[in-house]
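Residues per chain are reported as follows:
There are 2 protein chains.
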Amino acid sequence: MNDAREVVVLRYGHRPGRDDRMTTHVGLTARALGADRVIFPDNAGQSAETVRGVTDRFGGPFAVELRDDQKAIVRNFEGIVVHLTMYGERVQEVEEAVREAVGLATDGEAGGATGAASTPRDLLVVVGGEKVPWALYERADFNVGVTNQPHSEVAGLAVFLDRLFEGAELDREWADADRRVVPEATGKTVVDADGDPREKGGDGGDGSEDGTAAGDEPDDRD
Amino acid sequence: MNDAREVVVLRYGHRPGRDDRMTTHVGLTARALGADRVIFPDNAGQSAETVRGVTDRFGGPFAVELRDDQKAIVRNFEGIVVHLTMYGERVQEVEEAVREAVGLATDGEAGGATGAASTPRDLLVVVGGEKVPWALYERADFNVGVTNQPHSEVAGLAVFLDRLFEGAELDREWADADRRVVPEATGKTVVDADGDPREKGGDGGDGSEDGTAAGDEPDDRD
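Keeping their order, the protein sequence lines are chains A and B. Heads up, the first sequence is in my numbering, so the first residue is 23 and it goes up one at a time. Heads up, the second sequence is in my numbering, so the first residue is 23 and it goes up one at a time.
To be clear, the hints were calculated from the coordinates, so they are not data collected in a lab. Each statement offered as a hint is correct.
Partner residues are not named here, just some residues of chain A that face chain B (Cβ under 8 Å, in silico):
1. 80
2. 112
3. 114
4. 165
5. 169
6. 173
7. 192
Lysine to aspartate or glutamate pairs mimicking EDC-like chemistry, simulated, CA-CA at most 20 Å apart:
8. 153(B) to 91(B)
9. 93(A) to 64(A)
10. 93(B) to 163(B)
11. 153(A) to 91(A)
12. 153(A) to 206(B)
13. 153(B) to 206(A)
All figures in this text were calculated on a predicted structure; none of them were measured in a lab. Quick reminder that beta carbons are idealized off the backbone N, C-alpha and C, glycines included.
Can you make the complete structure from the sequences, with help from the hints?
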């Protein structure tokens with residue numbers, strides 16, 4: 023989302039079948055909420071294809087990688103590593119330190135007066151799937167809990183990214199999209215990249231719940 | 023989370039098997055991020071049991087209901103209805119209006135000077151699963167898009183709740199918990215409700231990734 027630094031989401035661990043949908047949602051959430059790249063374990067090829075397909079249609083830039091060396095990626099990452107875990111420090115207490123570490127805080131926020139941003143650094147956000155190794159807790163510059171309650175790695179990632187970027191990710195623009203949803207109070211409007219009507223749902227009256235109208239979720243999302 | 027109003031999350035539609043995990047995560051996210059109650063379709067009994075189990079162990083109050091009358095719930099809800107959809111208005115543009123509508127905005131925010139909150143009203147947040155009926159778009163007081171990109175209903179719910187409560191949900195306290203995670207920079211510490219050590223993971227060295235140590239995700243989360 024920003025040329026100055028790369029924000030990468032690493033999905034740590036994936037059980038084919040059982041985790042397909044969660045892994046896909048981790049990737050789509052990373053894309054939608056401002057990350058530049060997602061790395062999946064190499065056994066998550068189906069999820070990778072789904073996320074690439076969404077990027078092809080709805081735009082980027084956003085990269086999807088399959089890698090078999092997750093431990094090494096974490097160990098050797100040249101930048102700041104955040105591990106999202108329910109055992110970590112409260113996000114509301116460390117988010118400013120994370121922003122400062124990666125250059126997303128301004129001096130103004132950090133107590134200075136110039137308003138200049140701190141130095142940009144790349145950020146790896148690790149989202150656990152299967153059991154994660156203890157070495158990850160030790161390597162992470164920040165173990166961060168979006169609440170210390172059990173809930174959802176997708177929810178934790180979403181809240182973390184929204185807070186990291188302080189909402190700026192919601193205003194990002196997309197390149198090379200072939201379609202675009204038009205936000206509206208009541209409607210389901212999708213237009214081509216050039217703004218021409220593409221499909222229009224929601225005018226089917228009572229019949230739309232039988233699956234004949236344009237769905238609220240892309241059919242191939244997972 | 024607040025006596026003045028009830029925030030209810032309605033999972034609209036559920037396909038047993040395929041949606042079990044997503045529905046569970048919707049429920050756990052609702053609980054963790056400040057909602058008071060979640061309503062699942064009556065074919066989502068397994069997800070309901072999981073969320074109730076987490077509430078039993080990690081605290082509440084949080085209610086889980088199974089209902090077969092989702093259309094009627096939406097139609098007859100006495101309060102404000104928000105429908106989360108990628109076709110909706112941008113969350114960053116309507117969140118203040120939602121807060122105002124349910125009494126979470128103060129006059130100060132709305133432009134007044136007294137700082138008094140607006141009148142509390144109950145809020146129903148509808149999260150789509152299967153195709154949702156067009157009537158839902160029409161009944162909703164707000165159709166809200168957490169981005170207009172395809173991603174995850176769990177991510178959308180998480181960001182919406184965090185913005186609705188302006189982060190206050192992260193500080194909520196839990197009643198009747200039998201265990202509590204201690205937030206820390208590096209560690210996996212769970213204590214009993216009275217503060218006594220309960221289990222301690224993360225000291226197993228390299229062996230923790232083989233599944234023998236305490237997992238990062240509760241085993242019964244889904």
